[in-house]
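S.K.: As a plain string of letters, each chain reads:
There are 2 protein chains.
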Amino acid sequence: MSSTKDIDALIDMMAKLPGLGPRSARRAVLHLIRKRALLLTPLADMMQTVAATARECLNCGNIGTADICDICQSNKRQNGELCVVEDVADLWAMERSGVFKGRYHVLGGTLNALDSVGPEDLRIPRIRDRVEAEDVKEVILALNATVDGQTTAHYIADMLEGQVQLSSLAQGVPIGGELDYLDDGTITAAMRARKSVS
Amino acid sequence: MSSTKDIDALIDMMAKLPGLGPRSARRAVLHLIRKRALLLTPLADMMQTVAATARECLNCGNIGTADICDICQSNKRQNGELCVVEDVADLWAMERSGVFKGRYHVLGGTLNALDSVGPEDLRIPRIRDRVEAEDVKEVILALNATVDGQTTAHYIADMLEGQVQLSSLAQGVPIGGELDYLDDGTITAAMRARKSVS
Ligand SMILES: [Zn+2]
Ligand SMILES: [Zn+2]
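Protein chains in written order, with the UniProt record's numbering: chain A, 1 to 198; chain B, 1 to 198.
In case anyone wonders, no lab produced these hints; they're calculated from the structure.
Treat each hint with caution, since some may be false.
Chain copies aren't distinguished; within one or between two, either way the pair holds.
PhoX-like mimics (lysine-lysine), calculated; alpha carbons at most 25 Å apart, straight line [as the list claims (entries may be wrong)]:
hint : residue 1 : residue 2
1    : K101      : K5
2    : K76       : K5
3    : K101      : K35
Remember, predicted model here, so these are calculated numbers, not experimental data.
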C-alpha cells in the first residue's frame, strides 16, 4: 500500500479504531507524518502517558488516572443522587450537559441472556453497597432505550425496590427533533407521555 | 469532559485529525484505554517508530523510511513512464490499483496564484532533471480534475513540450457510477470523450 511496513502497520492499527476506516486512517497517518514533530511525536507521547496512567475507578467504573476517580473523591458530588449508566461514554455525555451534580455508577454493559452476561459480570451487586455507604436517596437509571438497557434497568429497579427512590430519564422528542426523522418507538413514547399545555 | 487532563488532551489531539471529530475521538480513546495493553501501547510505540523513521523521498517526494523510496530504488520501476501526482495519497491510490508499473513524481500540491504557490514551491523543476536522468519517455499527468490541478498540468505540459510524450488520465463515468449522481462536469467530459460502440 504505502512504501514501508511500519507505515502500513500504523495505518492498519488506526483503521481498526471505531469511527475510522482505511481511507480516513490513511489520511490521518499522512497528516501526522507530514507534521511529525508537531503532531505525531506529541500524540505518541500522550498515548504512552495515558496507557501508563489510565485506570477504572474502583468505586464507580469511571475512567481516570487514580484508583478512585475525581467525582468519587469529591464530597460535593455526594448529594444523595446516584446515576447508573451503561458506559463511560454515557457518563462523559452527562458531564458535558452539566445537568447532574451527583455521582455515577458505570455498569460496563447491559444484562444479556444470549451472551450470558449476568449481574456479576457487570457492576450491579455493588450498587447496593454504594446506596448504603454513600447515603444515596435516589438512583437514576440512565440506561439506553434499548431492549437490553431496559431489561437491565428493570433488574436493578427490582433489586433496589423499597430501599431507595428510583427514577429514569424522560423519554420523548429530542430538542430540535423533527417527527419525520424519529423512529416509531420514540413517537409512541412521546405520545404516551404527553403533557397538557394550558 | 472526562475526569483527567491527560485523557482530555489525548481526545483533543485525536479530534483534530482529518476524518475524526470530537465524538469519534472520544469513542476511539475510550476503546484504546479499555484495551490499553493490547492496542494503546502498541499504537503509541508504532507512532514513535514512524515519527523517527518516516521521511520524504529525495527523488520523488513519496513517503518512506529511506532517503530514496522503494519505488525509486527499484530498477524494475524504471520503465520510461513517470506519473506526476499532487499528493502521496494519490500515489498510494495508484499503487492500490496496481495498474501503473513506472515511477512517480509527487508535487506536494498545485500551483495557486492566490496563495502564491509557484513552481519552485512544488517539485516541478525537478521533473525535467528526472526525465533526463531516468530516461523517461512518457510523463502521465495524473492531477486532480480541479481548476488548480488542471492549471498545474498545463504548466508542466508547457515546460516539457517536445522533450517527452505527455498524457493524462481519461475522464468519464466511474465504474458503477450512476449518471444521476454525477456532477455536470463529469457528464460533459464523458459525453465529449464518447466512443463508438460497434
Ligand atoms: Zn469513581
Ligand atoms: Zn521516490
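S.K.: Look at each hint and say if it fits the structure.
M.R.: Evaluated hints:
1. K101 to K5: Answer is between: at 20 Å across copies they meet the 25 Å cutoff, but 49 Å inside does not.
2. K76 to K5: between (52 Å within a copy, 20 Å between copies)
3. K101 to K35: neither (41 Å within a copy, 30 Å between copies)
Of the numbered hints stated above, the single one contradicted by the structure is hint 3.
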